[in-house]
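Chemist: Residues per chain, in single letters:
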Amino acid sequence: MNNPKIVVIEDDDVLSKVVCDALSEAGFEVLQALDGEKGLEMVALQKPDLVLLDLLLPKKDGFEVLEELKKSSITHDIPVIILSMLSGDNIKKGLGLGASDYIVKSQHVMDEIVEKVKDFFNK
Amino acid sequence: MRKLKTLKQLKMEEALEYAEGVVKTVRDPLIVLGADLRVISANKSFYRTFRVNAKETEGRFIYNLGNRQWNIPKLRQLLNNIIKKNNHFDNFKIEHDFETIGPKIMLLNARRIPRLPEKPRILLLAIEDVTERRKIEDALKASEESFKSIFDGAGDGILLAEAETKKFYAGNKAICRMLGYSLKEISHLGISDICFKKAIPYAVEQFKELAKGKLNLSINMPMKRKNGSVFYADVSATSVKIAGKLYVMGFLRDTTEHRELQQALENIREAKEKTILAAIGDGVMACDNNGKIIVFNHVASELTGFSSNEAIGRHYSQVLSLIREDTDKPGKDFIGQALREGKTILMANHTMIAKKDGTKIPVADSAAPFFDSKGKIFGCVVVFRDVTKEREVEKMKNEFISFASHQLRSPLVGIQWVIERILKKEKLTIGLQGYLQDIRVSVQRLSDLVNDLLNISRFERGKSAILPKQVDLVPFIENYIVECTPLSIKKGVALTFEEHPEALNVVTDSNILRNVMQSLVSNALEYTHQGGSVKVSLEKKDGHFLFTVQDTGIGIPKKEQSVIFEKFGRGSNAKLIKPSGSGLGLYLAKQAAEVLGGKIWFESQENKGTIFYVKLPLKSKSKNE
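Going down the list, the sequences are from chains A and B. This note's numbering numbers the first residue of the first sequence as 258 and each following residue consecutively. This note's numbering numbers the first residue of the second sequence as 4 and each following residue consecutively.
Since the hints were made in silico from the structure, they are not lab data. It cannot be assumed that every hint is accurate.
[Stated by the list, open to error] Selected chain B positions facing chain A (Cβ under 7 Å, derived; list incomplete):
| # | residue |
| --- | --- |
| 1 | Arg412 |
| 2 | Ser413 |
| 3 | Val416 |
| 4 | Gly417 |
| 5 | Val421 |
| 6 | Glu423 |
As the structure is a prediction and not an experimental result, all values here were calculated from the model. Here a beta-carbon is modelled for each residue, glycine too, at the ideal position from N, C-alpha and C.
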């Protein structure tokens with residue numbers, strides 16, 4: 258099996274860079290999108306195995322992106338993990354819209370996030 | 004042989020017999036004197052009255068009677084006079100102090116027989132003892148005088164009217180002053196002449212009842228003076244019988260001045276009340292103990308849409324329509340509660356008033372009962388205010404905190420992740436590694452603070468979502484203990500989790516629970532000296548679970564125990580150990596425990612240690628943001 262392909266939709270370039278670097282090092286093929294619109298395009302084009310989606314995004318926020326991904330026949334099967342600073346109800350809303358899991362950025366060190374992603378593919 | 008009496012002799016005997024009979028039967032003392040003023044005879048009444056007997060009296064000279072007690076100069080003069088000149092004297096009054104019977108007042112009546120010009124043969128002296136009568140008369144006179152002085156001296160007007168004719172029979176000076184009539188004029192007047200026109204039918208009606216003796220009247224009513232002016236008087240009246248005749252006696256007190264004073268006071272009070280009420284920027288409403296509105300100021304009118312005229316007299320629930328902001332259901336009846344329980348009750352948070360026109364505004368405040376002198380509740384004052392602005396400010400503040408916290412967290416997470424990667428990937432000198440660790444600790448502290456602030460703003464908005472999920476607390480806590488182990492080793496404090504059931508499945512928001520746990524365990528580790536211990540335990544109790552953190556640390560000083568759950572509340576000894584602490588951790592832990600439907604408390608002894616208890620339901624209710 259090829260390395261799983263992951264699209265990271267995250268507008269904070271430092272966070273995005275660190276996540277992408279860490280995931281690449283862990284052996285994933287990582288694609289970076291810095292806003293919602295770019296992210297949607299990239300997912301539709303690349304059909305990744307997983308999307309890591311921030312919620313507060315420029316141009317199109319994470320919920321809209323999620324909604325559209327789940328609506329589209331091309332992308333609706335692609336799993337999405339929410340990677341956000343927001344917690345509580347936003348997570349509930351995200352899960353309600355079809356996200357597979359969520360990670361609250363501030364609650365985890367980078368290694369844990371990589372582990373979570375690995376666990377996801379090992380399930 | 005029987006000697007035949009002459010006609011003259013016969014007449015004389017008859018006359019004497021007649022006289023004897025009169026003397027004996029007369030009730031007043033009577034004596035018969037000869038022309039020489041010696042007593043021929045006296046009647047029983049004389050003996051009784053003057054306490055003498057016939058033996059001591061008959062044949063004696065009148066002036067020598069009773070040890071010369073009758074030697075009364077006046078009497079001598081009178082008797083001399085009558086013998087020489089007069090036919091008689093009548094009702095001649097003498098006062099004399101008798102040795103044996105004391106002072107006496109007597110009226111003397113005397114007759115000489117026969118009349119002038121013949122020489123008198125006998126004198127009839129009737130003595131009327133009027134001592135008692137005089138006493139009574141004197142007393143009567145005195146009483147009449149004192150009555151008159153009371154009657155005329157009274158400040159209240161007194162009128163006596165004949166029950167039958169309704170005409171006045173007597174009045175005192177005060178009534179003359181009051182009505183402006185002379186006594187003579189009053190005696191020509193009747194009840195309807197002194198009443199205010201409109202009050203006449205009523206007065207007449209009352210008078211009739213009074214005249215029947217059926218009523219005691221007491222009323223304040225308008226009266227009319229001679230000059231036509233009207234004044235108010237307290238009138239009390241009752242019926243009296245004098246010498247068998249029925250009268251109505253009335254007492255009048257002019258209350259004009261009293262009324263004016265009362266009115267002035269009332270005006271002042273009202274003005275004061277109105278000014279105060281108007282000056283208050285909050286809605287003020289007072290109701291009696293039946294909930295009927297009695298005071299309603301203009302702010303209350305603005306807030307409810309009801310004018311004070313509309314509101315006063317109605318039940319408060321018809322005017323102050325409270326609804327809950329979150330559910331739109333009727334709000335708690337805090338006014339009724341205040342009236343029932345007799346204590347000040349605050350309006351529930353997030354209460355709105357539905358105005359008369361249906362618009363809703365957020366309000367806050369309280370109902371405070373008031374009591375009469377016996378301590379019985381007789382109403383309550385409700386103060387309420389429009390909190391739209393406050394809510395907006397509060398909302399803005401919270402939004403700002405939330406926004407700022409969120410915006411602060413992203414770069415913080417960025418720094419943390421980057422440090423983590425550097426430490427992992429790059430080859431660094433020991434010194435550099437140390438510096439990076441320092442940065443990490445600082446960033447962690449900043450990050451914790453930002454998290455606390457964000458959580459506070461959530462809790463305070465009442466908008467902390469609760470997402471309960473099934474969780475087995477035993478591994479959940481164990482994992483957390485493992486996370487804390489490096490810190491406990493570093494501090495030299497034994498951190499254990501030994502007392503717990505094998506498994507304890509609960510439905511709770513694990514993130515919020517984690518916040519509570521974090522706050523308590525990190526505090527325990529922070530404030531326990533090297534060599535001490537921190538024991539975490541878990542216990543299931545009916546419907547609840549109890550999570551405890553027991554340390555052997557510095558404890559919380561007694562005087563600061565009451566503020567420890569307050570925002571920024573810290574123990575003075577804790578401040579010495581860790582000056583940089585925010586004082587938010589326990590405040591948040593308490594908020595969190597309460598949000599989950601539980602409570603938190605502690606037992607602590609300074610320099611001995613502290614046990615924190617967290618009691619939470621096995622199943623927390625979910626709540627949306």
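Chemist: Which earlier hints turn out false for this structure, listed by number in ascending order?
Modeler: The structure conflicts with no hint, since it agrees with every one listed earlier.
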